[in-house]
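Enquirer: Here's the letter readout for the chains.
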Amino acid sequence: MLKRNKKTKKGFWHDAWYRLRKNKSAMFALFILGLLVICAIFADYIAPYPYSLQDYNHTFEFPSRKHLLGTDNFGRDILSRIIHGSRISLLVGFSSITTAIIFGGLLGAVSGFYGGKVDNALMRAMDILMAIPGMLLAISLAAALKPGLTNLVIAIAIADIPGYARVVRAAVLTIKEQEYIEASQCIGASDGRIIFKHILPNCLAPIIVQATLGMAGAILSASALSFLGLGIQPPTPEWGSMLSSARQYIRSYWHMTAFPGLAIMITIFALNILGDGLRDALDPRLKN
Amino acid sequence: MIRYIGKRLLMMVPVLLGVIVIVFTIMYLTPGDPARMMLGAGAPASAVEELRETLGLNDSYFVQLLRYIKNVVFRFDLGQSYASNKPVINEILERFPKTILLATLSVTISVIVGISMGIISATKQYSIFDKIATSIALLGVSMPTFWAGLMAVIIFSVHLRWLPASGSYGWEYWILPSLTLGLSSSATIMRMTRSSLLEVIRQDYIRTARAKGQNERVVIIYHALKNAMIPVITVIGMRFGALLGGSVLIESVFAISGLGKFIIDSISMRDNPVVQGGVLLLALSFSICNLLVDILYGFLDPRIKSQYSISRKRGWRRNAQAQ
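Those sequence lines, one after another, are chains F and X. Each number in my numbering comes from the position in the first sequence (counting from 1) with 251 added on. Each number in my numbering comes from the position in the second sequence (counting from 1) with 9 added on.
Just chain F, same shape as in the assembly (with noise of 0.2 Å):
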């Protein structure tokens, strides 16, 4: 019972923390993203080998002691290569959603708090760039900047705005009725105050679970774009243009195609696992 009572007086993101952790799959993803996260910042010393050293007397190896992963074209280590393309992989994913829920965050706040032509307005505005399926807008965005890593996350976070700027828009929405925002109204808090200090805190919850969600989609349009020619550019070390340099090869070494992949496949999985639990705990009358 006195148990009880101190987590309860902990407040709303300790009570989440403490749902989370009694969530073994969530924690287990978890888990999952900080290998991931230790392995791009310390991948020059996670990696066996240097990702460019090209190799040319084993070209094309099949996985073996030596190359865990196997060789590509070049003779570079597939394996050290995954662990490089983390790095571009999660900074891609990261900084394009974060660029997507300051500008979506933001448009939603301003136009759920002041409603009207506003919000008329720009609504509108999102719905034509939701017309637009999110790929295929990436696809033209990446096409019309110049490929590279900057313009990447750019693109993504253009074609992913429009989501952010919903989900803030129907959080204020709800907040802006409540009895504290007219209490600070009245004690003349400015509306920047009120939006930055009372309203965005308070729509935290369901940002962090659609960026979490949203972090897995960015990285995987990331890769999409690489795999089409339009993201990262071959020498560097990223998944989706390891993917689109093995296709040539797919009919005799499927390792080169497989494990990038599967190195995607796995970031993302853990990022989904992540986000629901992530939604589970942070509103649990969602759970079912």
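Simulated from the structure, these hints should not be mistaken for lab results. A hint or two may mislead.
Unchecked claim - Label-pair restraints from in silico Cβ distances: (1) L455/F to L110/X: 40 to 46 Å; (2) L301/X to K273/F: 39 to 45 Å; (3) P40/X to A421/F: 52 to 58 Å; (4) F279/F to M278/X: 44 to 50 Å; (5) F138/X to L455/F: 36 to 42 Å; (6) A421/F to V167/X: 18 to 24 Å; (7) F279/F to K235/X: 33 to 39 Å.
All of these numbers come straight from a predicted model, not from anything done at the bench. Glycine is no exception: its CB is placed at the ideal position from the N, C-alpha and C atoms.
Fit chain X to the known structure of chain F by using the hints.
Expert: Here is chain X on its own, set in the frame of chain F:
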């Protein structure tokens, strides 16, 4: 109902105009000179300049945009392809049926597989089947479609030699691409069906139906499923859009000469009118699909229909008062 459909159709107009503006602007900002691409690197500067003038590329952004909108809206003219010099509309309509066929086949597969798996999973919650099916679905959601396509080629074409790996010359060529796309999106539909059905099954009217001794199959299919379908239909509509986008990837994996592959090829050739037209056509089909979803809502959910008829009554009353 007809007024509702008409209203939704009218709402599509500004959205589509906006799409034209966005797509045009993106392509306008794309680096590279189409005139230079058409004539080749060795062409004299005067010839390039002349071609730019005839293509209208020297005009300002707004002049070009207005001309494009005017041509598209009033004449269905999407311009000429820089690469083949043929009208874009013919070129894309030639390839569009393949994309639509692929999307329809995949949606059919994903609906059949997704909904039936979702029903079994929800009715037998926490059984072994449910656990296996939800895990497979989660894996399916996490798999990049183009990678799944590549792996399918490795397994079924290269090693087992059951099916052809690329092209679109007969029915057997469609099996791998549509199964890849269909099964990967069935995962989303299955998850949605399961969670939506689980929610509906706990409602009072389901308990009532069971209490009056109704057959369990009838309860699930007639009482529960119809009410659980609304979010599922939304997801199916969204998946269709994702499929149109995803078909770009699958078409280039399986070398199907559909619209998606045409767009990608045209991007690398800087054939802007084709990219504009192609994206526009896909966005239009996506909007039509969303419209169909909205109309289906009206049929499935009497609340939406009644909401609409109430507003009509109110309007009628207002008119009566005005008189």
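Enquirer: Could you tell me which of the hints above the structure violates, numbers in ascending order?
Expert: 3, 6
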